[in-house]
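**Q** For reference, the chains in residue letters:
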Amino acid sequence: MRRKRTNPTISAGSMADIAFLLLIFFLVSTTILQDKGISVILPPYDKNEIIGQAPDRNVLDIKVNGNNKLLVENELIDIENLADIVIEFISNPSKEKLKPRSPDKAIISIQHDADTDYETYIQVYARIKRGIDSLRDTYATENFGTNYTVLTRKQKGVVAGIYPFKVSESEFSK
Amino acid sequence: MFVKKKSNQSTPSISTASLPDIVFMLLFFFMVVTVLKSHTIRMETRLPETTDRTKLSNKNKVNYIYIGKTYNDQKDKLQFNDTVLKLDQLKHAILKNRVLNGTKELSTVIKIDKGVKMSLVNKVKLELRKADARKIHYITDQEKT
Chain A
281 MRRKRTNPTI SAGSMADIAF LLLIFFLVST TILQDKGISV ILPPYDKNEI
331 IGQAPDRNVL DIKVNGNNKL LVENELIDIE NLADIVIEFI SNPSKEKLKP
381 RSPDKAIISI QHDADTDYET YIQVYARIKR GIDSLRDTYA TENFGTNYTV
431 LTRKQKGVVA GIYPFKVSES EFSK
Chain B
102 MFVKKKSNQS TPSISTASLP DIVFMLLFFF MVVTVLKSHT IRMETRLPET
152 TDRTKLSNKN KVNYIYIGKT YNDQKDKLQF NDTVLKLDQL KHAILKNRVL
202 NGTKELSTVI KIDKGVKMSL VNKVKLELRK ADARKIHYIT DQEKT
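Just so you know, the sequences run in chain order A and B. Position in the first sequence (from 1) plus 280 gives the number in my numbering. Position in the second sequence (from 1) plus 101 gives the number in my numbering.
Next up, chain A with everything else stripped away, as it sits in the complex:
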């Protein structure tokens, strides 16, 4: 007994519906990762930490206490002004005696208390970074005609040599 068979075809009409369903699922479940932040390279570990001695005029001394108050060169300041202070200190436009002779010698020192909040610390750090970044940007526009971030690696090296990112961190010892 033999039946005549016809090949059944799969209807493709619902394909779009299925694809839409999957699409909507992925649209809803996708969260675009917001991994933006501040990149830092920590100094290498050394058992006997070297306590560097730098001339006082080259060091901008920032202290943050346990109540998250800021003391810059022994003066109480508002955190909003920090970037400008950093810029002024490093570039030293009026050639003051208490500021570095050239920008590459400048060192920013952050000292914080054990009770300082991480929030304050990272904001201080971000503002120092902003200060140095804007100095680099100004230099890059004057000499290469573009912002620092779009320079070639070699050009970046030149600018970073003039405005290095020298930040020293330590915790108050009790």
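Simulated from the structure, these hints should not be mistaken for laboratory data. Glycine residues also receive a C-beta, built at the ideal position from the N, C-alpha and C atoms. Treat the hints with care, as some may be off.
[To be verified] According to the in silico footprint, chain A covers these stretches of chain B (three or more CB under 8 angstroms from chain A):
no.: 1; segment: 122-132
no.: 2; segment: 172-178
no.: 3; segment: 192-200
[To be verified] In silico EDC-like links for lysine to aspartate or glutamate, alpha-carbon gap of 20 angstroms or less:
no.: 4; chain 1: B; residue 1: LYS218; chain 2: B; residue 2: GLU145
no.: 5; chain 1: A; residue 1: LYS385; chain 2: A; residue 2: GLU449
no.: 6; chain 1: B; residue 1: LYS245; chain 2: A; residue 2: ASP326
no.: 7; chain 1: B; residue 1: LYS218; chain 2: A; residue 2: GLU449
no.: 8; chain 1: B; residue 1: LYS218; chain 2: A; residue 2: ASP413
no.: 9; chain 1: B; residue 1: LYS215; chain 2: A; residue 2: GLU353
[To be verified] Simulated restraints, written as ranges between beta carbons of each label pair:
no.: 10; chain 1: A; residue 1: GLY293; chain 2: B; residue 2: PHE130; range: 37 to 43 angstroms
no.: 11; chain 1: A; residue 1: GLU422; chain 2: B; residue 2: THR184; range: 39 to 45 angstroms
no.: 12; chain 1: B; residue 1: SER114; chain 2: A; residue 2: THR310; range: 51 to 57 angstroms
no.: 13; chain 1: B; residue 1: GLY203; chain 2: A; residue 2: GLU368; range: 46 to 52 angstroms
no.: 14; chain 1: B; residue 1: THR155; chain 2: A; residue 2: VAL438; range: 30 to 36 angstroms
no.: 15; chain 1: B; residue 1: THR117; chain 2: A; residue 2: ASN427; range: 22 to 28 angstroms
no.: 16; chain 1: A; residue 1: THR432; chain 2: B; residue 2: GLN175; range: 48 to 54 angstroms
no.: 17; chain 1: B; residue 1: ARG143; chain 2: A; residue 2: PRO288; range: 49 to 55 angstroms
no.: 18; chain 1: A; residue 1: PRO324; chain 2: B; residue 2: ASP122; range: 52 to 58 angstroms
no.: 19; chain 1: B; residue 1: THR184; chain 2: A; residue 2: ASN345; range: 32 to 38 angstroms
no.: 20; chain 1: A; residue 1: ILE290; chain 2: B; residue 2: ILE142; range: 55 to 61 angstroms
no.: 21; chain 1: A; residue 1: PHE452; chain 2: B; residue 2: PHE130; range: 48 to 54 angstroms
no.: 22; chain 1: B; residue 1: LEU201; chain 2: A; residue 2: SER294; range: 40 to 46 angstroms
Using the hints provided, position chain B relative to the given structure of chain A.
**A** Chain B only, in chain A's frame:
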């Protein structure tokens, strides 16, 4: 002047035959772009706000560290990738992970709660330096100005 003769043609219908293809293309795009979160964060991490944030360049091979108050007992604790650790286990975990991944250049993405005290953050940083995992990336939120 000519007056255009009104045609008696009905409007042609738009073919929907290529609709599945278009939708599939979108679907594949989203499937590729989607990054499924690999770990559940077991602590509260309210991020601090800063300006001047940069993107992490290589997202594939990174370790994650979270510091914050756990939901269970409200104490500041440390989570490395998917496990809650004690501070002295951190170095070992990093070294182990490095061997498993076979690469030295692993950067560490750090999410720390606003209110965590610096003494703990500093200890974590010291452990990272001991483990020679010195490339770190603090995640922050955009500051509203």
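**Q** For every hint, state whether the structure bears it out.
**A** To see whether the hints hold, each was checked on the structure:
no., hint, verdict
1, 122-132, "holds (count 6)"
2, 172-178, "violated (count 0)"
3, 192-200, "violated (count 0)"
4, B:LYS218 with B:GLU145, "14 angstroms, holds"
5, A:LYS385 with A:GLU449, "17 angstroms, holds"
6, B:LYS245 with A:ASP326, "39 angstroms, violated"
7, B:LYS218 with A:GLU449, "15 angstroms, holds"
8, B:LYS218 with A:ASP413, "27 angstroms, violated"
9, B:LYS215 with A:GLU353, "26 angstroms, violated"
10, A:GLY293 with B:PHE130: 37 to 43 angstroms, "24 angstroms, violated"
11, A:GLU422 with B:THR184: 39 to 45 angstroms, "50 angstroms, violated"
12, B:SER114 with A:THR310: 51 to 57 angstroms, "34 angstroms, violated"
13, B:GLY203 with A:GLU368: 46 to 52 angstroms, "47 angstroms, holds"
14, B:THR155 with A:VAL438: 30 to 36 angstroms, "20 angstroms, violated"
15, B:THR117 with A:ASN427: 22 to 28 angstroms, "48 angstroms, violated"
16, A:THR432 with B:GLN175: 48 to 54 angstroms, "50 angstroms, holds"
17, B:ARG143 with A:PRO288: 49 to 55 angstroms, "53 angstroms, holds"
18, A:PRO324 with B:ASP122: 52 to 58 angstroms, "55 angstroms, holds"
19, B:THR184 with A:ASN345: 32 to 38 angstroms, "35 angstroms, holds"
20, A:ILE290 with B:ILE142: 55 to 61 angstroms, "44 angstroms, violated"
21, A:PHE452 with B:PHE130: 48 to 54 angstroms, "52 angstroms, holds"
22, B:LEU201 with A:SER294: 40 to 46 angstroms, "44 angstroms, holds"
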